[in-house]
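2 protein chains.
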Amino acid sequence: MERIRTTEVAAHVGERVQVAGWLNTLRRLGGITFLVIRDGWGTVQSVAQDESDLAPLKEADAGVESVLTVEGTVASSPQAPGGFELQNITVNIITPVTEPPPLTLSKREIKAAQPTLLDHAVIGNRHITRQAMLRLGAGIMMGFRRTLNARGFTEIQTPKIVESATESGANVFKLDYFGKPAYLAQSPQFYKQIMVGVFERVYEVGPVFRAEPHDTTRHINEYVSLDVEFGFIQNHFTVMALLRDIIAGIVSTLEETCSSELKLLEVRMPFVPAEIPHIHFTDAQELIFTQHKVDVRGEPDLSPQDEHWLGEWAQEKFGSDFLFVTGYPMRKRPFYTYPDPDRPEYSNSFDLVFRGTELVTGGQRLHLYNDYLRALEKAHLPVEPFTTYLEAFRYGMPPHGGFAIGLERFLMQLTGLPSVKLTTMFPRDINRLSP
Amino acid sequence: MERIRTTEVAAHVGERVQVAGWLNTLRRLGGITFLVIRDGWGTVQSVAQDESDLAPLKEADAGVESVLTVEGTVASSPQAPGGFELQNITVNIITPVTEPPPLTLSKREIKAAQPTLLDHAVIGNRHITRQAMLRLGAGIMMGFRRTLNARGFTEIQTPKIVESATESGANVFKLDYFGKPAYLAQSPQFYKQIMVGVFERVYEVGPVFRAEPHDTTRHINEYVSLDVEFGFIQNHFTVMALLRDIIAGIVSTLEETCSSELKLLEVRMPFVPAEIPHIHFTDAQELIFTQHKVDVRGEPDLSPQDEHWLGEWAQEKFGSDFLFVTGYPMRKRPFYTYPDPDRPEYSNSFDLVFRGTELVTGGQRLHLYNDYLRALEKAHLPVEPFTTYLEAFRYGMPPHGGFAIGLERFLMQLTGLPSVKLTTMFPRDINRLSP
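Protein chains in written order, with my numbering: chain R, 1 to 435; chain B, 1 to 435.
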């Protein structure tokens with residue numbers, strides 16, 4: 001008999017089917033035993049009315065996490081989780097597990113403390129809530145690519161081992177490259193800009209490495225960056241319009257492909273308006289002063305508290321989970337940032353605030369070679385390490401811009417998890433290199 | 001006027017359109033000037049009948065690689081490359097380029113020597129043949145994901161910084177991780193197996209790092225690996241059947257999304273039979289002995305010459321560009337390889353030979369904890385560094401297997417390029433860390 005997935009049983013009521021997976025839960029209630037089978041997509045309950053149905057488990061001394069198949073008749077059952085269960089079952093053990101796993105996977109919540117959970121992530125990731133959360137990550141990547149593929153973007157894979165720590169000298173991992181020093185790329189920024197000169201519209205999904213020596217709930221040292229860069233833009237508003245479409249594409253892809261995961265995790269999905277509201281950096285500071293009597297005017301950046309207030313304001317005024325803050329001061333943005341032509345101390349850049357926390361940073365970039373030379377000089381940076389990067393601009397680049405979405409941060413804000421370390425399969429932090 | 005892509009002009013004969021891009025070629029012939037415009041997708045010729053049409057170029061001293069828009073009327077023209085051209089044009093310069101680029105991009109072939117081309121890859125990647133070849137790489141990734149998404153696979157992103165160089169101690173890059181030694185992952189092998197315990201069917205597209213100190217046409221030290229791993233298989237033939245479907249999916253995706261690139265590069269596309277022929281390792285050695293009078297029987301592996309002969313045989317006997325060689329000796333395969341139950345000195349593994357060169361390696365893996373303990377002992381490997389990996393097997397894994405396709409090698413064999421270094425945007429080799 002061809003196995004079906006646990007998520008498919010609802011379509012087979014009255015039929016005899018086979019599911020395969022792991023024994024997630026074994027629970028006796030009176031004379032009846034409930035076996036919950038977990039496969040790669042979800043769970044289904046099966047019911048052993050007779051002790052003899054469980055003989056294969058007993059013979060193999062097989063407990064939870066044993067790999068098995070269960071054949072049974074699908075019945076609608078209001079009490080069963082999901083509303084369906086398998087009855088009159090035949091169990092077949094594939095791989096018996098005879099000792100209890102280091103984490104309890106059979107309960108609705110994981111009870112383990114975070115370090116224990118992360119130490120045993122190999123097993124912990126099997127828990128239905130973690131399986132579901134990690135699948136949302138795959139759904140975000142899928143929605144990201146779908147939206148961009150439909151708009152003529154080309155996927156790129158840029159080098160992760162780089163010669164110099166050019167973008168910012170600090171916080172880079174150093175490695176030994178055949179006896180020469182090299183670094184892990186902090187971002188594909190320079191390469192994605194260069195590739196706008198080839199494909200005009202590019203994106204990348206890949207790891208980035210930040211040697212930030214901080215141990216907080218918002219730091220991991222290796223994460224997945226969803227990067228976009230494209231040419232022939234008007235200004236940063238062209239970039240913001242694309243980002244809006246990507247967020248909308250991700251949300252609709254999640255709703256389409258991960259509906260059971262969203263339900264299990266009780267995710268409150270954001271509404272993405274046709275145009276995400278925006279406010280200029282200086283107006284945002286004025287607003288905070290007016291509404292909260294806190295004078296942050298003149299500060300070069302927004303604090304987490306500022307972002308929180310602005311998120312509340314966007315919710316109240318526009319009913320929007322999202323808000324663009326535009327025009328950050330040039331002095332807080334990297335040297336390749338395009339200045340506001342009317343107010344050159346501000347920039348054609350933006351942050352996207354999602355539910356009161358910054359999710360995405362982006363903007364328009366310089367595209368003229370001479371502007372780069374001037375910008376480097378102003379930033380007191382030498383030209384030489386940037387020679388190959390500058391070749392792109394020396395030989396013709398259009399106005400362009402882009403942004404980067406941190407996959408794990410997006411997941412954290414979407415699911416409400418308390419730490420970004422919980423949003424990735426095997427986090428890397430200042431103290432953790434394993435598993 | 002909304003710009004259209006150069007690849008869209010054929011649909012607009014008789015209409016006034018605007019294209020945007022780079023001035024790829026400027027060629028005078030009698031009183032007429034031909035301007036070839038290159039954008040992110042291809043090229044189109046435009047014709048200046050009158051010298052005054054070129055005034056914007058002259059005023060800006062703008063030469064090749066200048067960024068511009070050209071408005072014109074689309075005309076069918078048998079002499080024009082692609083069969084269409086823009087006439088009665090209006091040129092508008094966006095970014096003038098006043099000095100010639102370090103590589104000539106305007107000719108059909110790149111004349112530069114390989115080191116020069118790679119030194120100036122930032123510009124060289126703009127050449128229409130390299131733009132097309134690199135887009136095939138994106139097409140391969142798309143076909144890979146499409147095929148797997150349609151079969152319920154989940155995309156994963158596994159850590160690239162790892163604690164120990166477990167899989168093979170040699171040829172790993174070492175880095176400084178907050179004062180502790182760490183390594184760059186040579187492959188996602190262990191993580192993808194672990195994640196079969198979560199999602200059953202997983203794939204990853206990501207960088208892998210090999211510190212192999214060889215400078216050959218077949219070596220680069222960072223490449224893109226297309227990895228697959230999945231559970232509940234029968235044996236390695238289940239894995240081979242999936243690989244066949246992926247190759248077919250990649251070929252059809254390329255034909256659908258990259259037809260102009262395939263034409264430009266004159267790629268001879270392979271035919272993928274419904275079932276790719278297969279031959280056992282020992283039979284392959286017998287065949288070579290019979291057909292070529294070279295006795296390689298007893299050798300633990302196939303040489304490039306052997307693979308070449310086998311490729312010829314598959315072509316002659318089956319008309320197939322592809323051939324599976326199965327059952328490689330256990331002693332040449334990694335410790336996690338599943339032995340052939342009938343002949344335990346051989347393995348449930350395979351190589352896929354494409355046009356006489358190995359393209360993919362894969363097979364069934366061990367899935368029982370005790371088998372891993374025995375295999376490590378036999379390989380004289382300590383258990384301790386594998387503790388977290390082994391946790392997956394200790395707590396229940398199904399029979400599973402998988403494989404990895406090297407993106408760059410596939411591109412090389414498909415396009416017939418003479419070196420794998422030419423198949424990637426910015427190659428990393430023993431002597432090259434830049435651009």
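Accuracy of the hints is not assured; some may be wrong.
Note that identical chains are pooled: a pair holds if it fits in a single copy or bridges any two copies.
To be verified - Keeping only pairs whose Cα atoms sit at most 16 angstroms apart, straight-line, the calculated EDC-like set for lysine to aspartate or glutamate is:
| hint | residue 1 | residue 2 |
| --- | --- | --- |
| 1 | 180 | 429 |
| 2 | 378 | 15 |
| 3 | 174 | 212 |
| 4 | 180 | 50 |
| 5 | 180 | 212 |
| 6 | 58 | 384 |
These aren't lab readings, by the way, just hints derived from the structure by calculation.
Here the structure is a predicted model, which means the values were calculated and not measured.
key: residue 58 and residue 384: within-copy, between-copy, both or neither at 16 angstroms Cα   = neither (71 angstroms within a copy, 31 angstroms between copies)
query = Checking residue 378 and residue 15: alpha-carbon separation at most 16 angstroms within a copy, between copies, both or neither?
reply = Neither way: residue 378 and residue 15 sit 73 angstroms apart in one copy and 47 angstroms across, limit 16 angstroms.
key: Identical-chain pair category, residue 174 with residue 212, by Cα at 16 angstroms   = For residue 174 and residue 212, the Cα distance is within 16 angstroms only inside one copy (13 angstroms; across copies 19 angstroms).
Identical-chain pair category, residue 180 with residue 429, by Cα at 16 angstroms = Result: close only across copies, 12 angstroms inter versus 26 angstroms intra.
message = Cα distance capped at 16 angstroms. Does residue 180 pair with residue 50 within a copy, between copies, both, or neither?
response = Answer is neither; intra-copy 68 angstroms and inter-copy 56 angstroms both fail.
message = Reference check for the pair residue 180 and residue 212, CA-CA at most 16 angstroms: within, between, both, or neither?
response = between (23 angstroms within a copy, 15 angstroms between copies)
Checked against the numbered hints above, the structure violates hints 2, 4 and 6; every other hint is satisfied.
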